[in-house]
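Peer 1: Top to bottom, those sequences are chains A and B. My numbering puts the first residue of the first sequence at 9, with every later residue one more than the last. My numbering puts the first residue of the second sequence at 9, with every later residue one more than the last.
Please note: incorrect hints may appear among the correct ones.
One copy or any two copies: either way a pair holds, since identical chains are not told apart in the list.
Stated by the list, open to error - Below, simulated DMTMM-like cross-link-like pairs (lysine to aspartate or glutamate); rule was C-alpha separation at most 20 Å, straight line: (1) Lys125 <-> Asp193; (2) Lys167 <-> Asp193; (3) Lys159 <-> Glu230; (4) Lys238 <-> Asp68; (5) Lys90 <-> Glu149; (6) Lys238 <-> Glu165; (7) Lys146 <-> Asp128; (8) Lys167 <-> Asp103; (9) Lys10 <-> Glu62; (10) Lys125 <-> Glu210; (11) Lys167 <-> Asp229; (12) Lys10 <-> Glu149; (13) Lys167 <-> Glu61; (14) Lys29 <-> Glu165; (15) Lys238 <-> Glu149; (16) Lys251 <-> Glu230; (17) Lys238 <-> Glu62; (18) Lys159 <-> Glu210; (19) Lys159 <-> Glu81; (20) Lys75 <-> Asp101; (21) Lys159 <-> Glu197.
It should be emphasised that the hints constitute simulated quantities derived from the structure, not laboratory data.
Number of protein chains: 2
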Amino acid sequence: MKIVLIGSGNVATHLANAFHKVGLNIVQVWSRNLAHASALATQVGAQTISSLEEVDVNADFCILSIKDESIVEISRQLSHFKGIIAHTSGATDIDIFKENFINYGVFYPLQTFSKQKQVDFRSIPLCLEANNPSTLLKLEELAKTISQNIKPINSNERKVLHLAAVFACNFPNYLYGVASNLLTDNGLEFNLLRPLILETAEKVMQALPQNVQTGPAVRNDEQTMGAHLKMLENQPEMVSIYKLLSDGIKMGK
Amino acid sequence: MKIVLIGSGNVATHLANAFHKVGLNIVQVWSRNLAHASALATQVGAQTISSLEEVDVNADFCILSIKDESIVEISRQLSHFKGIIAHTSGATDIDIFKENFINYGVFYPLQTFSKQKQVDFRSIPLCLEANNPSTLLKLEELAKTISQNIKPINSNERKVLHLAAVFACNFPNYLYGVASNLLTDNGLEFNLLRPLILETAEKVMQALPQNVQTGPAVRNDEQTMGAHLKMLENQPEMVSIYKLLSDGIKMGK
């Protein structure tokens, strides 16, 4: 299987390395940032291309792992591509390929990627969608080389997943940062909270979060919540967040 | 070392089991709920007592692991105790013991406990405070039997930690629940999000959360955020949470 990769960001990099690791052939890498494209291409033994016109139109897959707002524009410039084109975006409809391609789809890894940390792709849900059954089969074949967790997911479902991922990942990480700032401002180390953060996540690997909620809000411990709000009184945004999330916990929704 | 345990909730249960596992002698368990006390006492080979007057006044430690609002009242009834009395509360000052005891302190495990899940105590930060150096030494001796992560933390620091723990644990778990509801409402399984949740927590085991923030808000991706808000339009509380946390991420604080 020959793969052309468009993009050199976090998702593109992790995906390229995962494909490369299982021996797949990434033939070309293109990125708006040529230096990034070249660095990634070198990592995975691919050719760097500086123009989308150079794309090998006979490759099996062209994976677009670029910013959501660029997908339409870049894909238009790839209309000469003859294989399967797929984007990796959680929030972008499959239909954006409709006008310019015959076989197309979505290859969405439901995970958070940072350049500095390796991830094990085998357990990452790969959410696949295609415009016809044979294309879905080929995307599944590709996906199975790197993950054991393949899900056919349509565009509407994927948008829900993407939104849910913001609540389950981006917002919790932000709140870890709030906690970290609270500690730092008081001369305490963030390290103290790390076991708690990990255990909180590990707990919901088996249980449902609603069944393992702890803390003052779920106990309706007004005294503690009052003391917390008093400690935050110089940070009005934090007061708002504390109240809103505590209210949500109290109402159990 | 002889320990009297007051309480039979999540913290009391996990603590009792950790002490029992390393061979410490829990002599008595008291709880307002006699059946719970008896069940826990049986687990750890202790005597159940139905009245605080029966407390073995010559035990080395009396650990109060009860609701915050009961600590003052219950401790008053234990003023005949001769050993070290300590509570396990994050939000309660050490001084509540001042009037009735000579040697007292705090033994606060910074972790989230649920009855259905075992935890490994060795990495849990045990935050200790005492009213004199010899009592602190004895609490440290006790703590070292179950954890390798012992920290002297004063009452003000502990209150900050407790507040930070709400942001790092209780609120993220609530948001996991919001994500779970979004999926369930759309016929999708929570299981799809579990690898993402775990990776989000694992990422900050090394990195600082501020350095690994991902998602539409940190990219200032207004198009995606607009689409998300539209999907939430029938849930005004969720719109408020989405906006408030996204604003926090955008402002980087």
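Peer 1: None of the hints should be skipped; say for each whether it holds.
Peer 2: Hints and how they fare:
1. In this assembly of identical chains, lysine 125 and aspartate 193 lie within 20 Å of each other by CA distance neither inside one copy nor across copies; the values are 27 Å within and 33 Å between.
2. In this homomeric assembly, lysine 167 and aspartate 193 come within 20 Å of each other (Cα to Cα) only across copies, at 13 Å, whereas the closest approach inside a single copy is 38 Å.
3. Neither within a single protomer nor between protomers do lysine 159 and glutamate 230 lie at most 20 Å apart by alpha-carbon distance, with minima of 44 Å and 28 Å respectively.
4. Within a single copy, lysine 238 and aspartate 68 get their C-alpha atoms no closer than 60 Å, and across copies no closer than 36 Å, so neither meets the 20 Å cut-off.
5. In this assembly of identical chains, lysine 90 and glutamate 149 lie within 20 Å of each other by CA distance solely inside one copy; the values are 18 Å within and 71 Å between copies.
6. Taking identical chains as interchangeable, the C-alpha atoms of lysine 238 and glutamate 165 lie at most 20 Å apart only when they sit on different chains, with a minimum of 15 Å there against 42 Å within one chain.
7. For the identical chains of this complex, lysine 146 and aspartate 128 are neighbours neither inside a copy (22 Å) nor across copies (44 Å), given an alpha-carbon limit of 20 Å.
8. In the homo-oligomer, the alpha carbons of lysine 167 and aspartate 103 lie at most 20 Å apart inside one protomer (13 Å), although the nearest pairing across protomers, at 52 Å, exceeds that limit.
9. Only within a single protomer do lysine 10 and glutamate 62 lie at most 20 Å apart by alpha-carbon distance; the minimum there is 15 Å, versus 77 Å between protomers.
10. In this homomeric assembly, lysine 125 and glutamate 210 come within 20 Å of each other (Cα to Cα) both inside a single copy, at 19 Å, and across copies, at 10 Å.
11. In this assembly of identical chains, the alpha carbons of lysine 167 and aspartate 229 lie at most 20 Å apart only when taken from different copies (15 Å versus 37 Å within one copy).
12. For the homomeric pair lysine 10 and glutamate 149, the shortest alpha-carbon distance inside one copy (13 Å) is at most 20 Å, but the shortest distance between copies (62 Å) is not.
13. Taking identical chains as interchangeable, the C-alpha atoms of lysine 167 and glutamate 61 are never at most 20 Å apart, the minima being 31 Å within one chain and 61 Å between chains.
14. With identical chains, the CA atoms of lysine 29 and glutamate 165 are never at most 20 Å apart, being 30 Å at best within one copy and 47 Å at best between copies.
15. In this homomeric assembly, lysine 238 and glutamate 149 never come within 20 Å of each other (Cα to Cα): the closest approach is 56 Å inside a single copy and 35 Å across copies.
16. Only within a single protomer do lysine 251 and glutamate 230 lie at most 20 Å apart by alpha-carbon distance; the minimum there is 12 Å, versus 26 Å between protomers.
17. In this assembly of identical chains, the alpha carbons of lysine 238 and glutamate 62 never lie at most 20 Å apart, being 62 Å within a copy and 39 Å across copies at closest.
18. In this homomeric assembly, lysine 159 and glutamate 210 never come within 20 Å of each other (Cα to Cα): the closest approach is 23 Å inside a single copy and 24 Å across copies.
19. For the identical chains of this complex, lysine 159 and glutamate 81 are neighbours neither inside a copy (28 Å) nor across copies (55 Å), given an alpha-carbon limit of 20 Å.
20. In the homo-oligomer, the alpha carbons of lysine 75 and aspartate 101 lie at most 20 Å apart inside one protomer (14 Å), although the nearest pairing across protomers, at 50 Å, exceeds that limit.
21. Proximity of lysine 159 and glutamate 197 under a CA criterion of 20 Å is satisfied inter-copy only: 11 Å between copies versus 40 Å inside one chain copy.
In the structure shown, a violation is registered for the earlier hints numbered 1, 3, 4, 7, 13, 14, 15, 17, 18, 19, in ascending order.
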